[in-house]
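Trainee: Read off the chains here:
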Amino acid sequence: MSVFEYAPAPESRSIVNIAPSYGLFVDGEFVDGTGEPFKTVNPATEEVLTEVSAASEADVDRAVRAARRAFEKTWGPMRPADRGKYLFRIARLLQERAREFAVLESLDNGKPIRESRDVDVPLAAAHFFYHAGWADKLEHAGLGPAPKPLGVAGQVIPWNFPLLMLAWKVAPALATGNTVVLKPAETTPLTALLFAEVCRQADLPAGVVNIVTGAGDTGRAVVEHDDVDKVAFTGSTEVGRSIARAVAGTRKKLTLELGGKAANIVFDDAPIDQAVEGIVQGIFFNQGHVCCAGSRLLVQESVHDEVIASLQRRIGTLRVGDPLDKNTDIGAINSAEQLARIRELSDIGEAEGAQRWQPACALPERGYWFPPTIFTDVSPAHRIARDEVFGPVLSVLTFRTPDEAVAKANNSTYGLSAGIWSEKGSRILKIADQLRAGVVWANTFNKFDPTSPFGGYKQSGYGREGGRHGLAAYLKGADQ
Amino acid sequence: MIGNDRLAVRKTYKLYVGGAFPRSESGRTYAVTDAKGHFLANASRASRKDARDAVVAARGAFPKWSGATAYNRGQVLYRVAEVMEGRHVQFCEEVAAGEGLSSGKARAAVDAAIDRWVWYAGWTDKLASVLGGANPVAGPYFDFSLPEPTGVVAVLAPQQSSLLGLVSVLAPVLATGCTAVVVTSQERPLPAVTLGEVLATSDVPGGVVNLLTGDAEELGPWLAEHADVDAIDLTGAPAGRAMEFEREAAGTIKRVVRPPVTEPDWTADPGLSRMTPFLETKTVWHPMGV
Amino acid sequence: MTHVLDPDALPGATPAVHAPLPPYDDVTRSDAAFRAFLHGLPGVDQVGAEARAAQLGTRSIKTTSKAWAIDTAISMVDLTTLEGADTPGKVRSLAAKAKQPDPGDPSCPRVAAVCVYGDLAGVARKALEGTGIHVAAVATAFPSGRASRAVKLADVRDAVENGADEIDMVIDRGAFLRGRYLDVYEEIVAVKEACGDAHLKVILETGELKTLDNVRRASWIAMLAGGDFIKTSTGKVNPAATLPVGLVMLEAVRDFRIATGRQVGFKPAGGIKTTKDAVKHLVMINETAGPDWLDPDWFRFGASSLLNDLLLQRQKLRTGHYSGPDYVTVD
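Protein chains in written order, with my numbering: chain A, 23 to 502; chain B, 10 to 299; chain C, 12 to 342.
I should point out that these hints are in silico values taken from the structure, not numbers from a laboratory. There may be inaccurate statements among the hints.
[Unchecked claim] Examples of chain C residues lying across from chain B (beta carbon under 8 Å, computed):
id, residue
1, 56
2, 57
3, 58
4, 59
5, 222
Given the structure is predicted, the values throughout are model-derived calculations rather than measurements. Ideal Cβ positions, reconstructed from N, Cα and C, are used throughout, including at glycine.
Taking the hints into account, I'd like the entire structure generated from these sequences.
Mentor: What follows is the structure in structure tokens.
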């Protein structure tokens, strides 16, 4: 190890005040759920953080009715400019309470404080700011002359970016005049509940935002509720399929943001040092718990050895450990279940003949941990080249020509994102055109912005979130 | 036949798949009658294997069609309108017979159908400007979004409006750059058959449009479940079956256009509503530096 | 007519005076070959490099690591005065501070070198006799480098004769920006020869090279030509030692050692004024080139006001309360 050791630099936990138990947030009030309560743990220590109410079908029904009332009585009839001002308020409050949100997110999710502080929370606030401005300008969005909200939106979000995914869902729904019943993920409910507090602090009218915590059954109750007009889901393709089945034949408008297995293509004329950073950012950001993670590295054979050597050297500098330490690069895996899946797929990768490489790095004894891992000699037939691992595991494949790169990149049932690294402009544009993916990062990776539409091709889902395009998902008869 | 005792040559029409006119591999045909029940012709009754072949043809045609310039696609679509004009009388007779319309109404439907091609021909090179654009991200990146065709679209064409309805669901698919596998109106397939002949003699590359005459109830599930179909338009799904087809389509996360509650007024301005379901938005980021 | 892409490669062309280390021993055989080599180095994406440098800048260095970093940084300072108004008295005063940066605390490390104009190198040498502190002199018509080669070489020899054991030269940016890479290279080779035993630091003046691609190419020219250190700036041009520039230069010394086995040092100079800036650089070395460079033999800060801020921070860590400018010495 280095002569330059970094002493621990933990962010203080004292800013967050976690209650011993939490209820649901329905009609502007925190209420107990009637389902079986569940515990949420800190994945870095396995410490139980608190107990959370689970919403039963009846609770979800109450939440949907509250949302309907708010849609009809307050939020729907409200002047659009005022709706916008509420969103601005929320955005400001998120900024003001940014540290609190960041620490809570890292505690509940296991992600490094550097990311929750520098990415999740600022972007969540940015989403509210961006959409706040749309609220009274929808007729200029190119989505028809008098766009109308759908009504009640039922939203189910994943555990990888709990607050940010909430923002991606709630901000456009409210800006377009809908009301919301949102179910956060079972393992990461706490920032959504803190967000509920922010809604109260902003004096948001009761029922406009309702948070129902719980597991799959609660999510199903939200999706299947007859009085929900719109379903938005981010999560696995498997659950996405069942949701699409559930809403079939109904009036519900559906958007799905599902899994991915993004190719990150490195050509021999790439800016190698930045490409290596991009590879690292692509797969190890948020422990690889990212649907658009660059989990398949496609590297041109002529630079394979050089890139892998640089990559290994760089991975050797990644710091794995306490999510609250400001110098941590890779935090904890979100749950025991997810850790088991990552281990299983990695073991399969090895069994199928790929070469596993992991840096020497000491992992904490308690908690859920998996070191940054790369597999070389991966063939497109290997499961680690096809299945979404959703962890810090990179599969390295090679190619010889641009055509081969495109063919391998597109050889997936997913189509969420892709990366291209090359210094040649015309090649980038051509390859970007040929890739069947909703987001293409050229000479960068894993960048997000509220103005920039995000969403997938093929089995990565449909509909877009963010930008002008994202509004369409929440407006009646919107053409796009 | 009026005033003429010549014995008519009865026609058995074929499918239009991959630019060719095959019979159904099943060998099945069915009789097509006019609105009053008089025999008009025999049509092929497409089977699931014909649907499979049509999807292969549509997938094969997709790269070139989607890769053509928008200007070129517009020219090709306009050419379809031109060729249809040459068959105006035939279309009018077929629409009048099949739909039981007066000749005036049939003519209006045919005119509208031809005009619809023209309308969509003009859309091809506007879509990207209207639906795409630059996104002002908060960082040193150039970020733009563009609409792209989703791929192979299965279309269950309207059962009632045999030509205008058909063109209204088919032309937008082509305008976006997608390729199509169409199950035509079962009882009124003849305008679709003639349209196939028009397409074959126009500039639309083989495989871009594949027309299957037959039973949407039989073919629908195969297309809804087909893993190489990207989207399905259920407009002409048989009553009561759309929900089931939509469920089947969920297995591969297909883009689904749900059927209208009642047969729509096909003369109305469709806006973008029939193109956007078959378009994906691709967003590209690139840093800006020296 | 025959197109000759590389006329100097024809038989009979004069070989370069000095061949770089293998595997690069043939890249300077001609202007065209050298240009092809330098332009074949991987490009640098500015936005990506800046983002990486900024990310490294967010490392939080506390308590014991901070104390180590401050002492290490002090020991790496080339305490510098490069003014037209410099006098022997000013240089002696600087030398005194170099020997004993914090008069109140004998545990405070000495700096690495004192950096002056060549005519005052003798004064510095005398003042630092027996301390082990190096005498660095700027030369080659510093800072512009606009003089004939003969004058530049004379400047170097004069500084070495006056007692400088480290020479900070400037490259010919005009030649570089014209694409006359071999001229730049040959001049560095000549200066290195004129240095004799003195260590050569090659100043790229990155603020005039403008692009990070140029920084990478100039770094390679300097390393191939035998420079012992590559240095960002004269301190007379803004911007000077920015973190992205440092990142690219550290990548260059790292890659050069991997390829040739020879380690080249790195010296950011100009604009590094605070302890925070210095610590960011140490973090960047640690995570880019690696800990082998965390040593005054391989890393220097070209700075003047930085030292006092390091001393103030050092006092704060030692005493637990904030210090003030009256508690450190003026230069």
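Trainee: Give a verdict on every hint.
Mentor: Cross-check of the supplied hints:
1. 56: Hint holds; residue 56/C Cβ to chain B Cβ min 6 Å, cut 8 Å.
2. 57: Holds. Min distance 3 Å.
3. 58: Since chain B brings a Cβ to about 3 Å from residue 58/C, closer than 8 Å, the hint holds.
4. 59: Given a least distance of 6 Å, the restraint on residue 59/C holds.
5. 222: This interface hint holds because 5 Å falls under the 8 Å limit.
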